[in-house]
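**Student:** Given next are the chains, with one letter for each unit.
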Amino acid sequence: MTEIKELIILVTDFGTKDAYVSIMKGVILSFNKNAHIIDGTHEIFPQNIKEASDFLAESVCFYPKGSIHVVVVDPGVGTKRNILVVSIGGRIVIAPDNGVLSGLVYKYGIDSAYKIKTEDWCVEPSDTFHGRDIFAPVAAKLSKGEEPMDNFLEKILVSDIYLPKFIDEPVFEKDKIIGNISKIDRFGNLISNISRNFFLNCFNDCDKLEVYINSINIGRIKKTYMLSKPGDLTALWNSSGMLEIAVVNSSAEKEINLSGDDAIYIYKR
Amino acid sequence: MTEIKELIILVTDFGTKDAYVSIMKGVILSFNKNAHIIDGTHEIFPQNIKEASDFLAESVCFYPKGSIHVVVVDPGVGTKRNILVVSIGGRIVIAPDNGVLSGLVYKYGIDSAYKIKTEDWCVEPSDTFHGRDIFAPVAAKLSKGEEPMDNFLEKILVSDIYLPKFIDEPVFEKDKIIGNISKIDRFGNLISNISRNFFLNCFNDCDKLEVYINSINIGRIKKTYMLSKPGDLTALWNSSGMLEIAVVNSSAEKEINLSGDDAIYIYKR
Amino acid sequence: MTEIKELIILVTDFGTKDAYVSIMKGVILSFNKNAHIIDGTHEIFPQNIKEASDFLAESVCFYPKGSIHVVVVDPGVGTKRNILVVSIGGRIVIAPDNGVLSGLVYKYGIDSAYKIKTEDWCVEPSDTFHGRDIFAPVAAKLSKGEEPMDNFLEKILVSDIYLPKFIDEPVFEKDKIIGNISKIDRFGNLISNISRNFFLNCFNDCDKLEVYINSINIGRIKKTYMLSKPGDLTALWNSSGMLEIAVVNSSAEKEINLSGDDAIYIYKR
Numbered sequence: 001m002t003e004i005k006e007l008i009i010l011v012t013d014f015g016t017k018d019a020y021v022s023i024m025k026g027v028i029l030s031f032n033k034n035a036h037i038i039d040g041t042h043e044i045f046p047q048n049i050k051e052a053s054d055f056l057a058e059s060v061c062f063y064p065k066g067s068i069h070v071v072v073v074d075p076g077v078g079t080k081r082n083i084l085v086v087s088i089g090g091r092i093v094i095a096p097d098n099g100v101l102s103g104l105v106y107k108y109g110i111d112s113a114y115k116i117k118t119e120d121w122c123v124e125p126s127d128t129f130h131g132r133d134i135f136a137p138v139a140a141k142l143s144k145g146e147e148p149m150d151n152f153l154e155k156i157l158v159s160d161i162y163l164p165k166f167i168d169e170p171v172f173e174k175d176k177i178i179g180n181i182s183k184i185d186r187f188g189n190l191i192s193n194i195s196r197n198f199f200l201n202c203f204n205d206c207d208k209l210e211v212y213i214n215s216i217n218i219g220r221i222k223k224t225y226m227l228s229k230p231g232d233l234t235a236l237w238n239s240s241g242m243l244e245i246a247v248v249n250s251s252a253e254k255e256i257n258l259s260g261d262d263a264i265y266i267y268k269r
Numbered sequence: 001m002t003e004i005k006e007l008i009i010l011v012t013d014f015g016t017k018d019a020y021v022s023i024m025k026g027v028i029l030s031f032n033k034n035a036h037i038i039d040g041t042h043e044i045f046p047q048n049i050k051e052a053s054d055f056l057a058e059s060v061c062f063y064p065k066g067s068i069h070v071v072v073v074d075p076g077v078g079t080k081r082n083i084l085v086v087s088i089g090g091r092i093v094i095a096p097d098n099g100v101l102s103g104l105v106y107k108y109g110i111d112s113a114y115k116i117k118t119e120d121w122c123v124e125p126s127d128t129f130h131g132r133d134i135f136a137p138v139a140a141k142l143s144k145g146e147e148p149m150d151n152f153l154e155k156i157l158v159s160d161i162y163l164p165k166f167i168d169e170p171v172f173e174k175d176k177i178i179g180n181i182s183k184i185d186r187f188g189n190l191i192s193n194i195s196r197n198f199f200l201n202c203f204n205d206c207d208k209l210e211v212y213i214n215s216i217n218i219g220r221i222k223k224t225y226m227l228s229k230p231g232d233l234t235a236l237w238n239s240s241g242m243l244e245i246a247v248v249n250s251s252a253e254k255e256i257n258l259s260g261d262d263a264i265y266i267y268k269r
Numbered sequence: 001m002t003e004i005k006e007l008i009i010l011v012t013d014f015g016t017k018d019a020y021v022s023i024m025k026g027v028i029l030s031f032n033k034n035a036h037i038i039d040g041t042h043e044i045f046p047q048n049i050k051e052a053s054d055f056l057a058e059s060v061c062f063y064p065k066g067s068i069h070v071v072v073v074d075p076g077v078g079t080k081r082n083i084l085v086v087s088i089g090g091r092i093v094i095a096p097d098n099g100v101l102s103g104l105v106y107k108y109g110i111d112s113a114y115k116i117k118t119e120d121w122c123v124e125p126s127d128t129f130h131g132r133d134i135f136a137p138v139a140a141k142l143s144k145g146e147e148p149m150d151n152f153l154e155k156i157l158v159s160d161i162y163l164p165k166f167i168d169e170p171v172f173e174k175d176k177i178i179g180n181i182s183k184i185d186r187f188g189n190l191i192s193n194i195s196r197n198f199f200l201n202c203f204n205d206c207d208k209l210e211v212y213i214n215s216i217n218i219g220r221i222k223k224t225y226m227l228s229k230p231g232d233l234t235a236l237w238n239s240s241g242m243l244e245i246a247v248v249n250s251s252a253e254k255e256i257n258l259s260g261d262d263a264i265y266i267y268k269r
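Protein chains in written order, with my numbering: chain A, 1 to 269; chain B, 1 to 269; chain C, 1 to 269.
Quick caveat, the hints were computed from the structure, so don't treat them as lab data.
Certain hints may be false.
As the list claims (entries may be wrong) - List time: in silico EDC-like cross-link candidates among lysine to aspartate or glutamate, alpha-carbon distance up to 16 Å:
hint	chain 1	residue 1	chain 2	residue 2
1	A	K33	B	E6
2	C	K33	A	E6
3	B	K17	C	E43
4	B	K117	B	D97
5	C	K223	B	E124
6	C	K223	B	D127
7	B	K222	A	D127
8	C	K222	B	D127
9	B	K33	C	E6
10	A	K223	C	E124
11	A	K223	C	D127
Small disclaimer: the values here were computed from a predicted structure and weren't measured.
Extracted from the complex, chain A is given alone in its bound form:
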């Protein structure tokens, strides 16, 4: 855990209409007026741990080493659940031990893991807003790097962290991969759970392939949106390496009659 910078990224499910986020920013800046606070997102769906886990896995490691990521998606606030401080690829992540780190850890592994020692916390924290009372002060202290970490952190085993597998993996059956929709983005792009790595273990790009969503034939996997005509459904590998169904200059979510229980197939012909 070297290279501590003053960069603090916030990822919460607080929204920005309530005062929670502004309060956390105030606390951080009160502890370290040089903290450079970045809004990662505050729009995680309330208490949705899987969504937060995906967000972190997609974004944290694009930040520089030493950056501090504060994750407050914390339905268990006020219980005995640990608050973790882990180093992942040199980035520091402060998060409740509720599974929110799964995406990051399964993608990048983990360098070292600590929990926050709340028992001898100087001020009694509230039971409902640890973002303000514990996460923010700890992030600010780490960003200053003055106080010995032993004062407030205690080493733990990685095996003691709760790391559920959220993504139901796609299935490979002799001539086809069967997956589903794991996320729909703001553009109405349907992002599947089929990664390029999984695909390359089953097929290769020279195979004659056809993508289906439910019973709709989308044709081959294209290199970019623009190899299809506006309004046409297209399948491609997105910027995170996942198979994505899109409609050029429009929204696949709007074009397709989704049931909420939709299947995505890659067939080899």
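The hints should help you fit chains B and C onto chain A, whose structure is shown.
**Tutor:** Frame of chain A; chains B and C shown alone:
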């Protein structure tokens, strides 16, 4: 008004879809390129002065002394209403004189109060966007601390500030406190107007108490969400010291059939 | 292109729920940890180039010279469209060559224009997220100002930039100006396409004038909202110099039965 920092927090009802907020940021940075701008919120409901007042009372004093808070919730823009610069607990707040400071002043008092002298403003301000033409330049000048304040500020009496009482106080009747819902947050938590201080003037924690919302019995006041089962209604003191009705791992707003004219009771049995 | 600062303003249609914006921030800060990133907006309607063009024309030139504006509203990502780096009034704008610069260029002209040389880009960019792979690294490099610009930029002619005219201009017919609604803001204000400059070429402020929206008479053009009674429709020149229809302390959008094909008239009587 010492300890002026370069920290400027914006609290507006502009949203972020229109260009108003970005324009204000540009103006501030044009006056002081070292200004450290923080988005407090831009999601105050348009022209809702009480909501802005509550937001400020909850958040401003978590920021360090010397921080500058720019409040643009200003339905009276273009009229003769004053634009205030006040010091509250060492924080500087720039706001229209329309009641938006009530929450802060009744909670923390006020150190000193000024109004902006717009009569000899160098450039004629517009009549519809004082956020850009007056609030932002004044915030930037204060953050630099170079120009004598007398140039653009004039001392006023606190008694000249418009400070309506927004919160209708709960009522105490021999064996019960009667309150209502003052806010619903993003998690669907119902935040009442019953503060812990008001409660302690009526009852104490050892009393046998029962909380009701309308005719629904919620039982005792708990210490934290997690002392109730997921899906159960629970009552607790929230992180701002107000009685809150919540549903563990869900939304009280969704679980309860609210009428918009709902009562919250604490009975002593 | 002198005076390069470390100020980078982001204007995108990504929203903040998905990870795209946070990823771009991470990339910028990885290239230049001193970059000062400002959220302009991420709420441009997906792929709406005209809306982005209007936003930029309204806001960019309020930022200081040398500020770097990164515009990712880019339905053509992955095609051969150029990525532009232009200087407009001393501000640097990085944007796809898809018309998004029209508003700025027709309002302020253009100092100089470059395109990004992607052919010898060190890392192969993705075909779907140039915001991460090209825009963000180029913005960060420009903000540091260390690397010679020739390494990654190539001068182009302004005449080679795609600059469609989005705004359908109002029409002047002997005794009236006929315009329409070009935007509705968060307050429900109806912003017309009739600029004060266009108006002054037709009429002057001393003329006896009447504003209509469809068949509704709104009366004279007022100086500020507050010269009308709460609830009344009012017409005024807004802070960007456009004729605006508003309702004092309420929303014109809600008060008027808009058809989507509405006309705004200024009659001389």
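**Student:** Each of the hints needs a verdict: does it hold here or not?
**Tutor:** Here's how the hints hold up against the structure:
Note on A:K33 and B:E6: the hinted pairing holds, with a Cα-Cα distance of about 10 Å set against a maximum of 16 Å. Of the pairs offered as hints, the one joining C:K33 and A:E6 holds, with about 10 Å between alpha carbons and a cut-off of 16 Å not exceeded. In summary, the hint linking B:K17 to C:E43 is supported, as the alpha carbons are separated by about 5 Å, within the 16 Å threshold. Distance hint between B:K117 and B:D97 is fulfilled; the C-alpha atoms sit about 14 Å from each other, no more than 16 Å.
The suggested pairing of C:K223 with B:E124 holds, with an alpha-carbon distance near 13 Å, which does not exceed 16 Å. Our distance criterion of 16 Å between C-alpha atoms is met by C:K223 and B:D127, whose separation comes to about 7 Å. Annotation: proposed proximity of B:K222 to A:D127 holds, straight-line Cα distance about 10 Å (limit 16 Å). For the proposed pair C:K222 and B:D127, the alpha carbon gap of about 10 Å is at most 16 Å, so the pair holds.
For the hint linking B:K33 to C:E6, the alpha-carbon distance of about 10 Å falls within 16 Å, and the restraint holds. For the given pair, A:K223 sits about 13 Å from C:E124 by alpha-carbon distance, which is consistent with the 16 Å threshold. Restraint check: the Cα-Cα separation between A:K223 and C:D127 comes to about 7 Å, which is no more than 16 Å; the hinted pair holds.
Checked against the numbered hints above, the structure breaks none of them.
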